[in-house]
Amino acid sequence: MPQSPRAALPVRILASFNGPQTLGNSRFFWCCWLVAILALALLPCFASRYHVLTASNFLISSILALSLCLIWGYCGILSLGQAAFFGVGGYAYGIVGINLIEPMGNTDLALLAGVLAPAAFAACIGGLMFYSRLKGVYVAILMLVVSLLLGLFMRQTADPSYTIGGAYLGGMNGLGPATASDPALPSLTLGLAGYAVEFDGRGRDFYWFVLGVGIAVYLGLRWLVNSSFGYLLVACREDLQRTETFGYDVRLVQLGVFCLSAALAGLSGALYTAWGAYIHPDGFSVAPNILVVIWVAVGGRKDLTSVVVSTLALNAISIELAAWGEISLLALGVILVTAMLAAPEGVAATLGAWIGGIVGRKRAGSATSSVPARLGAAL
Amino acid sequence: MELSGQIFSWVYQYFDNMAFLLLAASGLILIYGMMGVINMAHGEIMMIGAYIAASAFHAGAPAPVAIVAAGVGAGLAGVVLERLVIRHFYNQLLSSLVVTWGLSLIISQAALLILGPSIMNMPTPFGSFSVGGFSFGVYRMVLFAVAVALIVAVWALFRFTAFGIAARAAMENPRMAAALGVDTKRIYTLTFAIGCALGGIAGGMFAQTATISPFFGQNYTPMAFITVVMGGSANAILGLIYAALYLAGVQTVASNVFNPYVGYVSIMASALIALLVMPAGISDFIQRRRARAMER
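Chains as they are written, first to last, in this note's numbering: chain A, 1 to 379; chain B, 380 to 675.
Fair warning: there could be bad hints in the mix.
Stated by the list, open to error - Stretch-level coverage of chain B by chain A, calculated; a stretch enters the list once three of its residues show a Cβ under 8 Å from a Cβ in chain A:
1) 488–496
2) 550–562
3) 592–606
4) 662–675
Derived by calculation from the structure, the hints in this document are not laboratory data. By construction, the Cβ of each residue, glycine as well, lies at the ideal position given by its N, Cα and C atoms.
Only chain B is shown next, with the shape it has when bound in the complex (with noise of 0.2 Å):
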């Protein structure tokens, strides 16, 4: 019975921690693989995310509705951020950074002028079932299942549909796509906010098993960030995935044979490492094998 349970939790835990990093890095990690832009408010984005889902669960929405509502909150900042700020700073990878970073300190310390530094909160919601003498929550397992479905639909988004096609064209070939008629300019604008959505999602999604305050954002960004720079740009979905099996394997491993503190930098070092091997990310690194294997 002890075993089932402890083999049971390792299993559980591995899944939760990859329902954390593909749900913080997936809209980074979108914008990050079409635009060239890491956006550095992205924990600010999900920080909004989580207001709006916590204050639309509280005026009496259903949970999915207000995280709904947290997604299109979430999307429309991005559309305001995307309009007046980041286009003017595409292809200028360093500054479109540091801009970004500027946005985050505004959104951070607006909210917390605005909202003050008090906390909210969100029940989470299922309860929980017991394996072998452990308890574990459900809502983590539904975490999980939101991550999964939101790439799978962020996949279908980009490879099926006209958008998502037209959004490929301009990112493999801007001024070729625009000759033919692409709106260049339409594309950024919606993809910058779809990614801002799936921030959105993934801070109404976190509310309900964290406490929220304008500093909410900062416990999800690190981690992300590394997450993204793992996977790499040539193909964000794909680099997202293989960047989340591998470090949420080795922060399961790490945080129970030492300490949580270890995990997160043992992440930082299997990162390091696995950069060294890759410098441009898995997905590049992936691509490249493949591309040789085409040739043989």
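Pulled out of the complex, with its shape left as it was, chain A reads as follows (with noise of 0.2 Å):
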């Protein structure tokens, strides 16, 4: 957005965050934004546990669907199999958390190697499959079976012998502690300088972290793809070849948002593990897999956005499907396909281009903002 320069701070800051590759960019925008993160942030003042509890979760999610919707959306890169590093990142925290709570007091370096352990696993995969050019459905494939063969793997792992020091890989029981005394899954606890604060998975102050870490994550996304690497990665999604003519290397370029996504991937997962202290093979199985891909489609995998409120709308119907019977992936199945057929860039973003488009033309007349002309391009 271009900036006089007496523009003030707030507008100034504001303005690296919005560009074209995002929708929402005007100040009525933002101001909906402020309204929801407020409601978010006090939904534990006026809410049951109960639902504390599973708003915690959805935030996990919505993670996960933002680091697919990195990759897909704004690369061209799909990756059906993007609960690899939710998973991995998941395990690596627990075995790290176990093994290290207790002679180190927190679990830092666990949620770091949450983060980092899907990072250096996508570097691995990412270099053979990019460096190899192959077509973008085979790495979609691929990446499901690797996810799969995890599980697989995962599954058979049932034997003692399966231990990472303290940690018991478990097959079908999950991951826990190897004998009755080595310390549980522990819960997420920070630690700097001596003072260590823990975040019961079942409690606010876990909610208004993993809030916290949500924003952060939106927010760095909204400005990285707004960002002239932003510029390059859509650059890549229209036309691998073309980029590669103005002289990009468009392999390091995928490498590098591809390890990116894994880790944050790998940040829900690790997240998700002191939610629930608790993780499991089926965390790799088509299932979680699918439904990673159905809340970026549904929403519109071109935009944040739209993603992060389709995720969380979605994870709202399933619960309440769920009262209903086993009819919730069913029912998501369903949404899946009828959403791309009816609105194929999703219905989340969809809406909000249209929403954007009402707000815009009753501001044409007094103020000259182009704002349906940015939300038609980021379309």
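Take the two lone chains and join them into the complex the hints point to.
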């Protein structure tokens, strides 16, 4: 957004989050955004403990959805196995956490491992895939197979020999302590210079922490996709060969964004493990992988805000449907297929552009705003 | 005696693994090679075939009839899917992947709701024979024979019939084919239905070796996908055969020397290595080699 030199500081800060790669760049949008964030932050004050608990999980899911949105929507790399990184992050957090909670007194390193382990894993697999210039469809399917194989491996680790330090992989029982004297899966405990703050996964503090992380990830990604690197990502999505002809090393760009996405998915997995004190081989199976794709595809893969909105909405819908029996996955499948037929760019993104168009048109008379044009360009 | 049995056991397993890959992937690779759509719901089509075959069998039909019925039923399901959904997603590789995945979720969950998680069974026919102190099932050899017969039939269909010529024309250049009076939409529907029918027959065949549940298809799809990815789309049938020859060999050796899990992982690893050399699949690689040889 072009700035006059006298623009106020908040406007200048806001400007770095705005651009043609995201929907919602107007002052109206940011006011609504602020209201929504305030409502989310105040949720624990009037909602029950159970609602806060499930809301924490929804926010964790949103981070996972954002990680897929980044590679699929912005860089055109579809991964049908995004839950692989989620699971690797979760297991890494658990294994390091069990081993280090007693000597260290905090889970800082565990959280770090939950982010870095999947990123390193993605660097290995992504390096092989992108540097051999594998077709996009093949990348998508190979990632799914990788995830299923990881699940298959974790399932057969019930043998007591599968221990890493004090952590026992545990097969279908999920990760746990190796012996009775080893600590259980620790809840998130952040420590700094002797002080340690514990966030119990069931409590309000954990909810606020996850909300903060979620906002940071959202704003960070908005900044990233609207930076010059974001333009490069979109260029790779639109035409890989042409981007390469312009002198960019597209393989490196793809690998970099793939690792970043894996790190975010791993962060989400680590938070999930801390939330439920639980991680299980089913995290690698088909259902979690397809859920992420549904959240992103239904929302609108090319826009971060739409993906968050749809993730929260679809999670709420599936919780509501759970009361009616085992139909939530069926309903989500129907929603996915219907949405892809009716609104190929995503339901939330289409609605968002429509609302933006109405608001923009009302203002067009008084101000020289180019909001509708921008909203149009972002779709 | 022991050695001959051991050697025969390896050969037997090799053909068994190859039959598995050929049957599971044949319909999938036909649809991918002809239409550029990877049908993620293929496993669920196989599941439909397996249920039809088992129900028909328990209703008193002989096994071959039950399997043909499975093929017909799955083919009809394919027509419905293609007409309602798939045809909106041609030439959109990634979107077709996602939408067919959604379909697979719908079909498997609907089957779970309607039929419940209980399992069905079909007996394995033909008994067994023994070589060198080891006992082998005859049916596995029948599986291989059926897989080969199906692939020859598909090859002949696309090579010699009027439909096959029209289908290959529609694949090569749809606009030109349409201008020459080929009904490309009908061709696509039929090709998709044939691919699904192959999946249904495979499901019916596998139904006699495994228990049938709403998640029946998930046992077959990962390996089928790897075979398709390795085979590539340049020459679907040839790619399928080469990929199955290679992957079955890797799997037989690795699962005998180590364990079945290592067998699966080594299939994945060997497919990755093969793709590093041939990023668009085996068939594309061979076609290019041939083209280069022709130039000389």
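Consistency of the hints with the structure:
A stretch counts as covered by a chain when three or more of its residues have a beta carbon under 8 Å from one of that chain; for the stretch 488–496 of chain B and chain A the count is 4, and the coverage holds. Residue count for the stretch 550–562 of chain B with a Cβ under 8 Å from a Cβ of chain A: 0. That is fewer than the three needed, and the coverage hint is violated. Counting residues of the stretch 592–606 of chain B whose CB lies closer than 8 Å to any CB of chain A gives 4, so the stated coverage by that chain holds, three being the minimum. Interface restraint, the stretch 662–675 of chain B with chain A: violated (0 residues with C-beta to C-beta distance below 8 Å; minimum three).
The structure fails to meet hints 2 and 4 from the earlier list, while all remaining hints are met.
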